[in-house]
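Enquirer: This is what each chain is made of:
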Amino acid sequence: MKKVVTILLAVLTIGVTGAFKTQDDNSCDAAKLKNEVKPKLDPDFKYDSSKITRISTSSDNQVKEIEVPLFIGEKYRFVFNAKAAPKDVEIEIYNKPNGSSKRKLMYSSKKDKAVDGIFIYEPDKSKKMYINYNIPSTSSAQRGCLVFLLGYKI
Amino acid sequence: MKTNTFRLIAITISTAFLVGCGGNETQESTDENLVNDTIVEVETEQQVDYALPSPLRVANMFKRAGLPFNSSLMNSPKNIEKYVSKDVQKLNFGVYAADLAYSALNNQNQDAIYYLQSLSNLSEKMWHTNIFSSVGILNRFEKNIGNEDSLINVLTDLQMQLDGYLDENGLSHNAVLIFSGAWIETMYIGSQVLEKEPNEKLNSILAEQVGVLDNLLGLASQYKEDVPEDLTKDLEKISNHFDKFRVKGDDSDDETEENMSFSVEELNALAKDITEIRTKIING
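So the protein sequences, as listed, match chains A and B. Numbered per our numbering, the first sequence spans residues 1 to 154. Numbered per our numbering, the second sequence spans residues 1001 to 1284.
Source of the hints: derived by calculation from the structure; they are not laboratory data. C-beta atoms are modelled at their ideal positions from N, C-alpha and C, and glycine is treated no differently. Among these hints, one or two may not hold up.
Using C-beta positions, here's what the derived DEER-type ranges look like [to be verified]:
1. I154(A) to S1263(B): 30 to 36 Å
2. W1127(B) to K102(A): 40 to 46 Å
3. S1263(B) to K111(A): 43 to 49 Å
4. E1168(B) to A114(A): 30 to 36 Å
5. K153(A) to N1139(B): 26 to 32 Å
6. S108(A) to V1084(B): 22 to 28 Å
7. N1147(B) to R54(A): 34 to 40 Å
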């Protein structure tokens, strides 16, 4: 009988843990998402760096800001893969950090026509840029992630 | 015995069920909050993260600004034996990554191969796996010698592989140490050359590193549990040399920041501190 109980406990533990793991894995396969958008840098831009931002919505609005240092006079391309992001997450890019009086909106995904959840932006002027992911509140928690790839022109 | 066993099974099933339904509990309380939020106001949480350029990108900027090749300025691959602790290995992984980029961008392919091998060895030591073996970096590099664009593609894939490995394994904090090593190495090479031969463009690229350093310090503070205090203090010491480029702060006009450079005295002082930190790192 002890054996039955042990097996039952093991099966339940594996089942519950597995269920949660699958949920998490399904929400963000970062490598796949990155590989999907890397060709968007070709042929003129080379991969520089990337950021995977994991998102979990809540009853509060959230803003996740990424500071991106760019070298003056260089050409860059920002590529976002928002396929695995929760619904209605908006991408904005500013020239200054939050709170600065000279902060200007340079790009908004709201005004861009995304193809399969992929957004592309090339700044006219390269200086430090501030990416904002505006994550609206939801009644039930949604998980996902947003992939950002930075490319530079040689 | 039977009653106890069934009781145990019942408790186990109930516990598993409760754990499994944790998400719904959260959902219910979230729903309640939302009802309240419509009356009060939805809070906004703000989080900041920092991106860093790749060592290849930084080395590429320096090269384009006229940084000549000088093999004596690089860290010898033989020093790898000195690197025993994980933190020292991570820092020198960065140093070798910078030397790899510096040598490859200057067509010093044999040196580049030594550094690729050093990176593979350090990867084995740090993470018990050669993270580059799956994409056959070394073979691809050897096959593409003589074709600069293809070599850059190989090094780019190496960086993407590293970024992916750190992210997927919850090791993003390692990037702070790796990038610190790489950045200090490139700054060392740049400042050593600049001390001997004035170069306005290179000087300006060196000064522009203020944005990169600020992000590096931002990440170091985010992962302060995992970043040695000594390293943060050393980076802060270097950061003081860049203060004059921050005077106008975030509200400055873009145009006023485009002519940044160090005076000879400032450059000598920066080079001295960079050399000190770099020596500490490569000596393990």
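Enquirer: Does each hint fit the structure? Answer for all of them.
Expert: So, going through the hints one by one against the coordinates:
Separation of I154(A) from S1263(B) is about 31 Å and conforms to the stated range, judged on CB atoms against 30 to 36 Å. For W1127(B) and K102(A), the Cβ-Cβ distance of about 43 Å falls inside the hinted range of 40 to 46 Å, so the restraint holds. One distance hint, 43 to 49 Å for the beta-carbon pair S1263(B) and K111(A), holds here, with the actual separation near 45 Å. Hint check: E1168(B) to A114(A), Cβ distance near 26 Å, so the stated range 30 to 36 Å is violated.
Taking 26 to 32 Å as the suggested C-beta distance range, the pair K153(A) and N1139(B) conforms, at roughly 28 Å. The hinted range of 22 to 28 Å is not satisfied by S108(A) and V1084(B), whose Cβ atoms lie roughly 50 Å apart. At roughly 38 Å, the beta-carbon separation of N1147(B) and R54(A) lies within the given 34 to 40 Å, and the hint holds.
Hint violations for this structure: numbers 4 and 6, all remaining hints satisfied.
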